[in-house]
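Participant: Listed here are the chains, written in short residue letters.
There are 2 protein chains.
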Amino acid sequence: MRESFQVELDRLADDLARMARLASEMMSHASEAIQQADLALAELVISKDDEMDALHDDVEQRCVNLLALQAPVAADLRTVVSAMHAVADLNRMGDLAQHIAKIARLKHPTVTVPGPVRPVFARMGLLAAELAASAAEAIDKRDPLGGERLDAADDEVDALRRQLFQILFDEDWAHGVEPAVDAALIGRYYERFADHAVAIARLVGYRVTGQLPAEHHA
Amino acid sequence: MRESFQVELDRLADDLARMARLASEMMSHASEAIQQADLALAELVISKDDEMDALHDDVEQRCVNLLALQAPVAADLRTVVSAMHAVADLNRMGDLAQHIAKIARLKHPTVTVPGPVRPVFARMGLLAAELAASAAEAIDKRDPLGGERLDAADDEVDALRRQLFQILFDEDWAHGVEPAVDAALIGRYYERFADHAVAIARLVGYRVTGQLPAEHHA
Numbered sequence: 094m095r096e097s098f099q100v101e102l103d104r105l106a107d108d109l110a111r112m113a114r115l116a117s118e119m120m121s122h123a124s125e126a127i128q129q130a131d132l133a134l135a136e137l138v139i140s141k142d143d144e145m146d147a148l149h150d151d152v153e154q155r156c157v158n159l160l161a162l163q164a165p166v167a168a169d170l171r172t173v174v175s176a177m178h179a180v181a182d183l184n185r186m187g188d189l190a191q192h193i194a195k196i197a198r199l200k201h202p203t204v205t206v207p208g209p210v211r212p213v214f215a216r217m218g219l220l221a222a223e224l225a226a227s228a229a230e231a232i233d234k235r236d237p238l239g240g241e242r243l244d245a246a247d248d249e250v251d252a253l254r255r256q257l258f259q260i261l262f263d264e265d266w267a268h269g270v271e272p273a274v275d276a277a278l279i280g281r282y283y284e285r286f287a288d289h290a291v292a293i294a295r296l297v298g299y300r301v302t303g304q305l306p307a308e309h310h311a
Numbered sequence: 094m095r096e097s098f099q100v101e102l103d104r105l106a107d108d109l110a111r112m113a114r115l116a117s118e119m120m121s122h123a124s125e126a127i128q129q130a131d132l133a134l135a136e137l138v139i140s141k142d143d144e145m146d147a148l149h150d151d152v153e154q155r156c157v158n159l160l161a162l163q164a165p166v167a168a169d170l171r172t173v174v175s176a177m178h179a180v181a182d183l184n185r186m187g188d189l190a191q192h193i194a195k196i197a198r199l200k201h202p203t204v205t206v207p208g209p210v211r212p213v214f215a216r217m218g219l220l221a222a223e224l225a226a227s228a229a230e231a232i233d234k235r236d237p238l239g240g241e242r243l244d245a246a247d248d249e250v251d252a253l254r255r256q257l258f259q260i261l262f263d264e265d266w267a268h269g270v271e272p273a274v275d276a277a278l279i280g281r282y283y284e285r286f287a288d289h290a291v292a293i294a295r296l297v298g299y300r301v302t303g304q305l306p307a308e309h310h311a
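Line by line, the protein sequences are chains A and B.
When the letters of the first sequence are read in order and numbered with my numbering, they come out as residues 94 to 311.
When the letters of the second sequence are read in order and numbered with my numbering, they come out as residues 94 to 311.
The reader is advised that the hints may include incorrect statements.
Chain copies aren't distinguished; within one or between two, either way the pair holds.
[Said to hold, decoys possible] Derived lysine to any residue pairs resembling SDA-like cross-links, with alpha carbons at most 25 Å apart:
hint : residue 1 : residue 2
1    : Lys234    : Glu271
2    : Lys200    : Thr172
3    : Lys200    : Ala252
4    : Lys141    : Gln256
5    : Lys234    : Ala168
6    : Lys141    : Leu162
7    : Lys234    : Arg281
8    : Lys195    : Gln99
9    : Lys234    : Asp244
10   : Lys195    : Ala245
11   : Lys141    : Ala167
12   : Lys195    : Asp248
13   : Lys200    : Asp248
Keep in mind that the hints were calculated from the coordinates and are not lab data.
Values in this document were obtained by computation on a predicted structure and should not be read as measured data.
Full structure from sequences and hints, please.
Facilitator: Put into structure tokens, the structure is as follows:
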């Protein structure tokens, strides 16, 4: 029984890491779709969210089953609880990548990202995809990312968001209201995606410390 | 032991209902703050989020303790799992009300809501606060809201969001980029708040059916 429980926990971790890699891939493609007005890539991201939803339902149900059948305590219980939080985060990350892809689809063939915003979104997209990939690695290694690295990523996302608003609200902004509104929402989706990725990278530490990370308790 | 477990579950439900009423109150005040540029009310909402965070941490920890000490199964397990989902939703609802209040504070003494957007936000704010109050009632009565009522609320939020974009993107929009961007973000926060409230009202049914609601599995 104990052995099969550990096998189940390892399978959960594998699937969470797989979901994090999928989220990273979805966000890379969504960023490319929004920068290039690439409809096929936008459609791909939107269709991938079904895979994410299916993985979510499966992992969530297996967590509940483990609680029912194994009644884990201490570190094992924290692992299952943190898996339940992580799978919810990952599901939202898929939704957020899909939101960006849907804006690309809705506005196609117009390029949604006017010139001055392009480098900001390129960096936000890269950072978001990298954070999701790092979360996958942290899950694989059962080793949370260093707090300093996550704090630095948080700070950079905040700085990019401020930079975005400076561009949109500048009197030189010549692209009108609609692209500005789209850009503000896309910026918000990047930011939330990064928040969830950081929460997961920190969650891996919950097993060790018993302390839920900030995203989940503040 | 069983009796104290039921007492604990009832205490959890009481605190979740209390959090839902707090979220409703925070959203009412945030709406008023944004409509009237009322700085004191904005500050009140922002400070209330500490109370929400503290309730969240306490309820979350008690859920984990119940899993560890009582090893619940079947309907009892589903109640604890749904409480863990609901407390996360409620925490986000507090954050979202706070986001709206922070925009009111940041832009004070400017009124952030230009004329044509006012009735849309008035309705979104009322609907969001009502949904949170209904979620509290559903928790108190251990009786999920009717699916038709929730579907109708979802549809109305979607319609209001479309109406908002029509106003912002209309060629008659004369208020510039910054108020449009603020309005789009505020609209997003209302929408997410309503999504979470609907998820909670549906969650109450999880105990009965064993089926997680859409917000949590899609």
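Participant: Take the hints in turn and mark each one as holding or not.
Facilitator: Going down the list of hints, with the structure as the test:
1. Taking identical chains as interchangeable, the C-alpha atoms of Lys234 and Glu271 are never at most 25 Å apart, the minima being 44 Å within one chain and 44 Å between chains.
2. In this assembly of identical chains, the alpha carbons of Lys200 and Thr172 never lie at most 25 Å apart, being 42 Å within a copy and 43 Å across copies at closest.
3. In this assembly of identical chains, Lys200 and Ala252 lie within 25 Å of each other by CA distance solely across copies; the values are 19 Å between and 27 Å within a copy.
4. When the C-alpha separation of Lys141 and Gln256 is checked against a cutoff of 25 Å, the pair qualifies neither within a copy, at 31 Å, nor between copies, at 29 Å.
5. Taking the shortest alpha-carbon separations for Lys234 and Ala168, only the intra-copy value of 16 Å comes in at or below 25 Å, while the best inter-copy value is 35 Å.
6. When the C-alpha separation of Lys141 and Leu162 is checked against a cutoff of 25 Å, the pair qualifies neither within a copy, at 32 Å, nor between copies, at 39 Å.
7. For the identical chains of this complex, Lys234 and Arg281 are neighbours neither inside a copy (30 Å) nor across copies (36 Å), given an alpha-carbon limit of 25 Å.
8. When the C-alpha separation of Lys195 and Gln99 is checked against a cutoff of 25 Å, the pair qualifies neither within a copy, at 40 Å, nor between copies, at 45 Å.
9. For the identical chains of this complex, Lys234 and Asp244 are intra-copy neighbours only, at 20 Å inside a copy versus 43 Å across copies, given an alpha-carbon limit of 25 Å.
10. With identical chains, the CA atoms of Lys195 and Ala245 are at most 25 Å apart between copies only, with a shortest distance of 24 Å across copies and 29 Å within one.
11. Taking the shortest Cα distances, Lys141 and Ala167 never come within 25 Å of each other, neither inside one copy (36 Å) nor across copies (33 Å).
12. Proximity of Lys195 to Asp248 under the C-alpha cut-off of 25 Å is restricted to the inter-copy arrangement: shortest distance 19 Å between copies versus 27 Å within a copy.
13. Taking identical chains as interchangeable, the C-alpha atoms of Lys200 and Asp248 lie at most 25 Å apart only when they sit on different chains, with a minimum of 23 Å there against 31 Å within one chain.
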